[in-house]
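Be aware that the sequence shown starts at 18, since it is given in the working numbering, and climbs by one per residue.
Hints are computed from structural coordinates only; laboratory data are not their basis. Hints should not be assumed to be uniformly reliable.
Unchecked claim - So the derived label-pair ranges between C-beta atoms look like this:
1. Val66 <-> Asn171: 22 to 28 angstroms
2. Phe85 <-> Lys122: 32 to 38 angstroms
3. Met18 <-> Leu58: 30 to 36 angstroms
4. Asn171 <-> Leu82: 40 to 46 angstroms
5. Lys80 <-> Ser126: 26 to 32 angstroms
6. Asn78 <-> Tyr167: 36 to 42 angstroms
7. Glu19 <-> Ile43: 36 to 42 angstroms
8. Ile43 <-> Asn78: 27 to 33 angstroms
Source: prediction; values computed, not measured. Every residue gets a Cβ at the ideal spot worked out from N, C-alpha and C, and that includes glycine.
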Amino acid sequence: METNFLHYVGYWGPIILLILTSILLIIYQLSFFKYYAFLYLVGFILNCVTKLILKEPRPKNQKHLYLFEKNKTIKSTIGQSYGMPSGHAQTSFYSLFTLLFIIKKTIFSIIGVIITGITCWQRYIFKNHTVLQLFIGSLLGIMCFIAAGYMYANK
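Could you put the whole structure together from the sequences, leaning on the hints where they help?
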């Protein structure tokens, strides 16, 4: 498979959404930003711990955009050699739900939906995750958003 621009958007989608969502929170909803940042970090740790507990392998015959993705020493240290749950899906959905329900600006919601969709598609076609791993990652991201919203509402 020949790589194209959308593959890179998918790979970097969570970072693109993190930056976009952070900037928009600072502009439109600064009071939510600290909860977003805190639960982003908690979600990352939860993802790593869950991967180390479940140890569900990624699909066979993965494709990579970068050589550093093949570094097994770094990946196994924080559980990234495992596939369940998808961290890309988790962080993308976390940012997407923040855009949808906190920022509430149609254009940014549409951008978030597109980038999240491209990210999940890229992770699937590159055989980095199964549909189930993407689905569970998405649910964890939504749960992190609900937790951030709960903390914000009960501050």
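| message | Check the structure against each numbered hint from earlier and tell me which ones fail, lowest number first. | response | 8
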